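When we follow the numbering used here, the leftmost residue of the sequence shown carries the number 1, and every step to the right adds one.
Because the hints were derived from the structure by calculation, they are not lab data. On a predicted model such as this, the values are computed, not experimentally measured, just so you know. C-beta atoms are modelled at their ideal positions from N, C-alpha and C, and glycine is treated no differently. It is possible that some hints are incorrect.
Restricting the straight-line Cα-Cα distance to at most 27 Å, the calculated cross-link-like pairs of lysine-lysine (DSSO-like) are [stated by the list, open to error]:
#1 254 with 188
#2 226 with 78
#3 226 with 254
Pairwise CB distance ranges (calculated) [stated by the list, open to error]:
#4 61 with 335: 53 to 63 Å
#5 330 with 102: 20 to 30 Å
#6 36 with 278: 28 to 38 Å
#7 163 with 200: 29 to 39 Å
#8 9 with 311: 45 to 55 Å
#9 234 with 311: 16 to 26 Å
#10 275 with 78: 36 to 46 Å
#11 201 with 14: 29 to 39 Å
#12 163 with 9: 20 to 30 Å
#13 147 with 239: 28 to 38 Å
#14 62 with 338: 47 to 57 Å
#15 335 with 12: 48 to 58 Å
#16 315 with 384: 10 to 20 Å
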Amino acid sequence: MSNIPEDLNQVDERWLTEVLIESHTIPHDNRVVSITKDTHGAGLGYLSEIERINVKYEFGEGNYPQQLIAKFPTPSPKSRALATLFDSYQREVLFYRDYAPALDIGTPRCYWADIEDEPAISRFVNKILGLLPDAVVVRLLDKLLESAGQNQRRSGLLLEDLSSARVGDQVAGCDLTDARAALRSIAKFHATFWRQSFEHVDWIHSGSNQSKVQHGLFMKALPAYKELFVDLIDETVSAQLDWLIEHGVEVLEKCNRNTTLIHGDFRLDNIFFQDDGSDPILIDFQTVNVYTPMTDIAYFLLPNLDDDVQESQMELVAYYWNELMENGVSDYSWEDCLADYELAQWWLIHRGVILIGLVDFSHPRGGLLIETAVRRGLKGGLASLPLPW
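Using the sequences plus the hints, can you model the full thing?
Next up, the structure:
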């Protein structure tokens, strides 16, 4: 196996030649003779660095990929800490390596995916943390985040360039046609893994894994959230946040029902639409986990839809449920789907606070994306959610 570059700067012609030969993308007697790198249009990654690489070969230009997408861990300690704490890099590498090739849904072709073995000291620390009460781990959060941000474990991906497809735009939103197309793809994804056990897969966790740690991150991020959206937090929203302070752990754990493998970051920026009518292509599998599928649906519908499309929110939930049935799921009632969707909306508020408080959104578009997502979510019904218990 080829060495893992430390970052994008170490991706060069020699390394690319080795990787493309190993993946049987080019024959042994061919080689990459030159590359140019382009960050513009390659995508915006909050937990990763992403570049498009334009490739020239010694011969056979027309038969091999002319553009590739390289994805490596972010240099930002703040974002890297969050990704490391929740095994985001490992999850995506192993998803592309172990699951994506056999899926009957659109994912980019993966030419290379690798991650360094976890250092022995990290495995020891994780083992010790696993034995500690969650409340103790929560008190150690600042130290854990500081340590995770300094983690230099190498990993990376080399993926198919999807520039011929039309990437979604979470800030711009989408119409009903694109919303239905996206829901068809995610329904097929969820149905593929419906109620499967992943106990034998040590890198796929339950969405409620470390629920008290997740809630500790919520508590840590809440002041920043309140400061950022002070104009949106009325008495009702304030009461919701107060309720989540007391019941956030319960929400996370109750979402661990009617489970499947979920995408975990199912939003327009991670969906590529194809104008020939075929199913959209999904990208960014850093947060795959086992949970109720309705967390993916709430995460998509509420922060991504245009205001006029929000009026069709429940129609789209029904559309998703019918697609799930069409793909072979027969033990998930409409009533259970509705109950899970309501619970998932509380999960969405909780997750939104965590992300807004901890991820480094220094890119100019990041702030606009956050504000748009929160405002849409509140307009879409989050602000009027009744307290569930």
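Handout entry: Numbered hints the structure breaks, given as an ascending list
Key = Hint check: nothing fails, all pass.
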